[in-house]
Amino acid sequence: MPLWDWDYAFSILPDLLLALVTTIEITVLGSVVALLLGLVFAVIRRARIPVLDQILWAFIEIVRSTPLLVQVFFLFFALPRLGITLSAFVIGVVGLGVHYATYTSEVYRAGIDAVPKGQWEAAAALSLPRSRVWTGVVLPQAIPRVLPALGNYVISMFKEVPLLLAIGVVEVVNAGREIGSATFRYVEPYTIAGVLFLLLSYPASLLVRRLERRSVRT
Amino acid sequence: MIVFDGVEKRFGSTVVLRDLDFTVAPGEHVTLIGPSGSGKTTILRLLMTLEKVNAGSITVGGDSLSHAPNEKALSAVRRRIGMVFQQFNLFPNMTVRGNLVEGPTRVLGLSKDEADSRAADLLELVGLADRIDAHPTQLSGGQQQRVAIARALAMRPSVLLLDEVTSALDPELVAGVLALLRDLGETTDITFLCVTHEMGFARDFSHRVMMFDGGRVIEDAPPERLFTAPEHERTQTFLQAVLRH
Amino acid sequence: MSDLPQILSVLGDGLPDTILATLGGIVLTVVLAFGAGLLLLSPRTWVRGITRVYVEGFRGTSEVVQLFWIYFVLPVIVGYQLVPLVAGIAVLGLNHGAYGAEIVRGAIRSVPRAQYEGAVALNLSPAQRMRRVILPQALVEILPPLNNLFIQLLKSTAVLALITVPEVTRQAREVLIPNFGDDTFLIFGVVFVIYLVLAAAITLVMRLLERWAAGRLGRRPVKADPLEAV
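Protein chains in written order, with my numbering: chain A, 1 to 218; chain B, 1001 to 1245; chain C, 2001 to 2230.
Honestly, I wouldn't trust all of these hints.
[Said to hold, decoys possible] As a list, the in silico SDA-like pairs of lysine to any residue whose alpha-carbon atoms are at most 25 angstroms apart: (1) K117(A) <-> G1037(B); (2) K1072(B) <-> Q119(A); (3) K1072(B) <-> R48(A); (4) K117(A) <-> P1035(B); (5) K1072(B) <-> I44(A); (6) K1052(B) <-> E121(A); (7) K117(A) <-> A1168(B); (8) K117(A) <-> H1197(B); (9) K117(A) <-> G1012(B); (10) K1052(B) <-> I49(A); (11) K1052(B) <-> V133(A); (12) K1072(B) <-> R46(A); (13) K1052(B) <-> A47(A); (14) K117(A) <-> V1077(B); (15) K1072(B) <-> G118(A); (16) K1072(B) <-> P1026(B); (17) K117(A) <-> E212(A); (18) K1052(B) <-> I44(A); (19) K1072(B) <-> T135(A); (20) K117(A) <-> R1106(B); (21) K1052(B) <-> T1041(B); (22) K1072(B) <-> S131(A); (23) K117(A) <-> L1243(B); (24) K117(A) <-> L1050(B); (25) K1112(B) <-> G136(A); (26) K1052(B) <-> R132(A); (27) K117(A) <-> P1026(B); (28) K1112(B) <-> V133(A); (29) K1112(B) <-> T135(A); (30) K117(A) <-> E178(A); (31) K1072(B) <-> N1054(B); (32) K1052(B) <-> P116(A); (33) K1052(B) <-> G118(A); (34) K117(A) <-> R1010(B); (35) K1112(B) <-> S131(A); (36) K1072(B) <-> E212(A); (37) K117(A) <-> R48(A); (38) K1052(B) <-> A124(A).
Read the hints as simulated data drawn from the structure, not as lab findings.
Can you build the whole structure from these sequences, using the hints too?
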């Protein structure tokens, strides 16, 4: 049996690409959750509300320090017991999104802390309302600074989507597994899956590195 | 206009201002001088509500600043006060125009056109009308500070706080800013409270000079008297050290 | 709550593999991180090139893919089947070693050039320069991000459940959930605690190392930069 069968490889490519679309969908949706929720966490934490801050801190630390797979399993098995039934796809998006929101919230916090205190004071001197201080002065300065770090996390998320095969999501690696189990040839499916990841994430990481170099210069 | 009554301010265990009483009349120009850490900047920061008093009270125009009944009342009082900072603190994510219309449109409720025309007039006043669409980073320090002054004036304040506004500037740019401030002093009836090391400016510009040390007012006199015949020994040593340069 | 002893026992059975995978992964990571990190600084382009391929290859692909590939595909190619735990440690090490290589490379490059020149002026050999002057100073910059990397590695050991390694997560998923469904919240609660404790243990050791490394330079420890996305 040849090690690599090009005909077989090409024949399974369409199915793998289709599953890759699912992977990308999950990445995009998960990123939206992570980027928005993380910002919410960061802004709330900055307000330093007595009890809420501690609870949020504990939640962020726990989610950040424990495996994503365990959190996904938790959502998958525990939510039905609360009467909440969600598809594996949605659980995957939520699990990924919330997990990475804990990372992005730290990134946002660092960016916000980097905005000079004088900016806050000048905004106060103009009596700008609190919401405007955030939207007009602080965030426009904080977020561009941390875009590279956020970009890297989006790429990391993309690479962690295959974890969701553990709850049955048909992303690209799971598709490879299904194809392989039907034909008992795993070399082509898994190799192609690996190459597909590389083809998407490597250029993306180069882009992020370029962004990083540019933002260091300004 | 401004009344400090028994004000005390502590940072942790350090007492920065103790039992401070003074009054500033409307339209008066008062300069605060004294060594670093003597509490001068803290007074400005208290007026700007960047800090809160630990004891005593502050009133501006008859209304309480330190003990305002609610956020709305506090905002109404604070709006009468403007501040220009040592580090300019212009918003780098906006153009000069953006910086100038921000307060008037968001807080004073001016329309975009009204705010724009006010901005244009003020930039004309500070001599930077042609830079209205520039970014702060494209301006020199002196120019940025003049924009900062225009930005504060755009709010039509009754009180203007100047916190060492020329200390961060190259020496050759200082004169321009000080000249602008002198003009403002003569043409408007804004009450000025300045912290500065520029003794020449203090002498020309102020109606009154207050010498601070250790959180207390050591001496309070018109500049002619304080600079030529200071009564207190501490004032004498301070002036001797400063005027030597 | 009455099932707690059994839950603890079953999860406890998974602990050895979790710990073994973590420690094995860390050892391999350190070896590869320093090895590849130094190779990335080699004056020879081809050496840097090959190392770069390793680093970008493992950083650019999914850990699950790497795991499946080494466990399912490699045996077909080389005719040798790795035991799941060993395959897992290999992937953990290769993957995190690639990230570690960048950390090491960055830290070494951040040592001021003047140090390198001073060492040359003292006629130290390249190996002595690295060992006695550059690395001790780079170490202070390496340890905090390495702490984050190792905790990432600990979290990644859970993925080994997907290739049948009986570590903590697999024990929870395969043994406890089917048999103790009513205790779902309790089970996961304990699992979270286990990982938190292990993570805290790693951080404790790393903080001691940071203090030791900084002490050798007469300095206080450095805090890790949260903007350094691993």
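Against the structure, the hints come out as follows:
For the hint pairing K117(A) with G1037(B), the CA-to-CA distance comes to about 19 angstroms; that is within 25 angstroms, so the pair holds. Note on K1072(B) and Q119(A): the hinted pairing holds, with a Cα-Cα distance of about 23 angstroms set against a maximum of 25 angstroms. Pair hint K1072(B) plus R48(A) holds up; C-alpha atoms about 22 angstroms apart against a cutoff of 25 angstroms. The hinted pair formed by K117(A) and P1035(B) meets the criterion: a straight-line CA distance of about 23 angstroms does not exceed 25 angstroms.
Taking the CA atoms of K1072(B) and I44(A), the gap is about 23 angstroms. The hint holds against a cut of 25 angstroms. For a cut-off of 25 angstroms, the pair hint linking K1052(B) to E121(A) stands: about 14 angstroms separates their Cα positions. Only pairs whose Cα atoms come within 25 angstroms are accepted, and K117(A) paired with A1168(B) is accepted, the gap being roughly 16 angstroms. The suggested pairing of K117(A) with H1197(B) holds, with an alpha-carbon distance near 23 angstroms, which does not exceed 25 angstroms.
Between the alpha carbons of K117(A) and G1012(B) the distance comes to roughly 20 angstroms, so the proposed pair stays at or under 25 angstroms and holds. Of the supplied pair hints, the one linking K1052(B) and I49(A) holds, its CA atoms being roughly 19 angstroms apart against a limit of 25 angstroms. The straight-line distance between the Cα atoms of K1052(B) and V133(A) is roughly 20 angstroms, inside the 25 angstroms bound, and the hint therefore holds. Proposed proximity of K1072(B) and R46(A) is supported: the alpha carbons are some 23 angstroms apart, at most 25 angstroms.
Simply put, K1052(B) and A47(A) have alpha-carbon atoms about 18 angstroms apart, close enough for the 25 angstroms limit, and the pair holds. The hinted pair formed by K117(A) and V1077(B) meets the criterion: a straight-line CA distance of about 23 angstroms does not exceed 25 angstroms. Taking the CA atoms of K1072(B) and G118(A), the gap is about 24 angstroms. The hint holds against a cut of 25 angstroms. Restraint check for K1072(B) and P1026(B): the C-alpha separation of about 23 angstroms stays at or below 25 angstroms, so the hint holds.
Annotation: proposed proximity of K117(A) to E212(A) holds, straight-line Cα distance about 24 angstroms (limit 25 angstroms). Taken as a hint, the K1052(B) and I44(A) pair is honoured in the structure, with Cα atoms around 23 angstroms apart against an allowance of 25 angstroms. Of the pairs offered as hints, the one joining K1072(B) and T135(A) holds, with about 21 angstroms between alpha carbons and a cut-off of 25 angstroms not exceeded. With a C-alpha separation of about 21 angstroms, the suggested pair K117(A) and R1106(B) falls inside the 25 angstroms cut-off, and the hint holds.
This hinted pair checks out: K1052(B) and T1041(B) have alpha carbons roughly 13 angstroms apart, not beyond 25 angstroms. Restraint check: the Cα-Cα separation between K1072(B) and S131(A) comes to about 15 angstroms, which is no more than 25 angstroms; the hinted pair holds. Proposed proximity of K117(A) and L1243(B) is contradicted: the alpha carbons are some 32 angstroms apart, above 25 angstroms. Taking the CA atoms of K117(A) and L1050(B), the gap is about 11 angstroms. The hint holds against a cut of 25 angstroms.
For the suggested pair K1112(B) and G136(A), the alpha carbons sit about 16 angstroms apart, so the restraint of at most 25 angstroms is met. Restraint check for K1052(B) and R132(A): the C-alpha separation of about 22 angstroms stays at or below 25 angstroms, so the hint holds. Only pairs whose Cα atoms come within 25 angstroms are accepted, and K117(A) paired with P1026(B) is rejected, the gap being roughly 31 angstroms. Restraint check for K1112(B) and V133(A): the C-alpha separation of about 19 angstroms stays at or below 25 angstroms, so the hint holds.
Restraint check for K1112(B) and T135(A): the C-alpha separation of about 18 angstroms stays at or below 25 angstroms, so the hint holds. Straight-line distance between C-alpha atoms of K117(A) and E178(A) comes to about 56 angstroms, which puts the hinted pair past the 25 angstroms bound. Proposed proximity of K1072(B) and N1054(B) is supported: the alpha carbons are some 22 angstroms apart, at most 25 angstroms. Restraint check for K1052(B) and P116(A): the C-alpha separation of about 21 angstroms stays at or below 25 angstroms, so the hint holds.
Between K1052(B) and G118(A), the direct Cα distance comes to roughly 18 angstroms. Compliance with the 25 angstroms bound is thereby established for this hinted pair. Between K117(A) and R1010(B) the alpha-carbon distance is near 20 angstroms, which keeps this suggested pair within the 25 angstroms criterion. Annotation: proposed proximity of K1112(B) to S131(A) holds, straight-line Cα distance about 19 angstroms (limit 25 angstroms). At roughly 43 angstroms between alpha-carbon atoms, K1072(B) and E212(A) are farther apart than 25 angstroms, so this suggested pair is violated.
For the hint pairing K117(A) with R48(A), the CA-to-CA distance comes to about 17 angstroms; that is within 25 angstroms, so the pair holds. With a C-alpha separation of about 14 angstroms, the suggested pair K1052(B) and A124(A) falls inside the 25 angstroms cut-off, and the hint holds.
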